[in-house]
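Undergrad: The residues making up each chain are set out below.
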Amino acid sequence: MTATVTTRVDRLEQLLGDPWQPDAPLTNDVILAADERSEMSTRGEELLDEFGFGAEFVPVAYGGRLDRLDDFLTLSRAVWRRDPTLGLGHGFASFIAGVNIWAAGTPGQCRRAAGLLLGNAKLSSVYHELEHGNDFSRIEVSARPHGPDHLALHGRKAIITNVGRASALVVLARTSAEPGSRSISQILVDRAALPADGITDLPRYPTVGMRGLMLAGVDFDGYRVPAGAVLGEPGRGIEVALRSFQLTRTAMPAMAAGVLDTGLRATMRFTGDRRLYGRPVASLPAVQAELADAFTDLLIVDALAMSTARAIHALPEETVVAASATKFLGSRRLLDAMNRLSRVLGAHFYVRDGEYAIFQKLLRDLAPAGFGHAARVACLVTMLPQLPILARRAWANPPVDAPAAIYRRGADLPPLSFDALAVRTKGGDSLTGALHAAAEATAVADPRLHRLATAFVAELAALTESCATLEPRDLGPAAQPEALAVASRYATVLAASACLNVWRHERDDPFLGDPTWAVAALHRLARAGRLPVDPGLAATCRPALYIELAARFAGHRTFDLADRPLPV
Amino acid sequence: MNALRTYVTERVAYYLERDAATIETDMSLPDHGLDSVLALALCGDIEDHLGVRLDPTAVWDYPTIDALLTYLSGAVAEAKP
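Heads up: the protein sequence lines correspond to chains A and B, in order.
Per this note's numbering, the very first residue in the first sequence carries number 1; after that it's consecutive.
Per this note's numbering, the very first residue in the second sequence carries number 1; after that it's consecutive.
Calculated directly from the structure, the hints in this document are not laboratory data.
Among these hints, one or two may not hold up.
Claimed, not checked - Here are some chain B residues the structure puts well away from chain A; computed CB gaps all over 10 Å:
1. Asn2
2. Arg5
3. Glu10
4. Tyr14
5. Leu16
6. Ala41
7. Asp48
8. Ala77
Said to hold, decoys possible - Which stretches of chain B does chain A cover? Using the computed rule of at least three CB atoms under 8 Å from a CB of chain A, they are:
9. 49–59
10. 62–76
All C-beta atoms in this analysis are idealised placements derived from N, C-alpha and C, irrespective of residue type, glycine included.
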């Protein structure tokens, strides 16, 4: 964390308070009651408005506080730790729409959107059509010329967060009937300022999780918007999306890591409170192992997501594949960890009231991290056609190391540049290049870590060969499961490189600079990737990780890399 | 130029898994069924074949093989001092 965000996140934490304390401004009980009513937490929204969270979505150049993506994610995670519904419904939905505007809008469009967000209004990203899922190249909602000065929108969008209450919409629409990638554009619809003729809100969707989220559809039937509402040049919609998605796909697991933080905290409370077989549950070795493993998973997801977020600043030409890999691996690892923790809680993860009721809500709310915004398999399909290019141009050649600032908390970064983000890979891959340099550093530091790092270097070499055998059909949506596995294996190597390099560049930190957590992290990744490693290694690391986890729990600190104090 | 035309046509045929003889060089690649992600992979192949860097979205902006070849001849000429 940088110094500027430390002040902001401390203020936000104080404003929201400790959700486990009954007199806190925003308690678990208040959050759960809103969920039971399928409503957004009014109290939560008021507090975030008081904080001025909308300004966090707006670049500094337009009067907001959005400066560094990693800082934004630290702040957002503080909200997601308490209530993911609030995180998405009060905020991230606006952020997704916003990045499209900052990436492609005119200064006037950006100023208008900034004004709305700074006034705590909402934006909505209106991409999704039920018939087409993540296949945005085939969307049907159209925006066609209507007279000399207007476009008329026709068609239906479905399952859109906040579409009914947003002041402005970013609508992905077909601006040409031609097939191909120059027929789709984003339209900035200033809904609050336009007549309501030709736009109809559809009923809300009831959902399993994020029950309070205002999820609905919208019908356009000749809805007129000014011709100048197109964001950027008409027909650039796909590439604007490919750029903006790099921020938003990276962000999703980074924010949702807050859910696992609270999931761990709830489970730590439970295992400390409860006695079975004549002793506290927390003293059972199998329980400690589950907790240590979930803690390790949180560190893995944080290392991967924060390094990708910082690479978006420092290596913007190299993040188009990494962002999808981050979404793919991060969301799965968080979901798996929460599911395993639910087994520790037993019946207490299943009941909807009482001391640990927040867990069942978090588990339900986390599910969209897997399919929401971009389905995990859609992330693999984004990666696949680019992997052979990375294999030829990067992995098969002498590795290029990545800047240390990508892995070191709070180090200086270049400013965010949407223009610098690549639409397709140019073949550079310093994020796995750094794996080689880190592996060398392990040689003198720790033999266990060295063996694991070497196994991942070999895996990257094996992936280079696998990529050479991919058939054309395996590079698109019709890919065989074996081909999709190549993309998944790449994500695992990327995560291993992230963890190793956090260890390598945080050597002065007593916990992160010690090899133990990195051994645990790489071992978990290696086992998931079926690499040949000693299965007994995990048992050697878990006691130290459990001790760290218990110390942070007792000391009211976060379980992520930031190891930040929490309000008491 | 004919060699490049043959290469690009064969590469398109490879991605579409069709006989190169059935590829019409004046028909748009999306009309042939080449979707946007495969178009990007094609772009990468052509770059490595020619040893030049192309506009990231060249295949979207020059959607037929004929248009792409015209663009490529310009890009190759520019790359050679």
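Undergrad: Looking at the structure, which of the earlier hints fail to hold?
TA: Of the numbered hints given earlier, those the structure breaks are 4, 5, 6, 7 and 10, listed in rising order.
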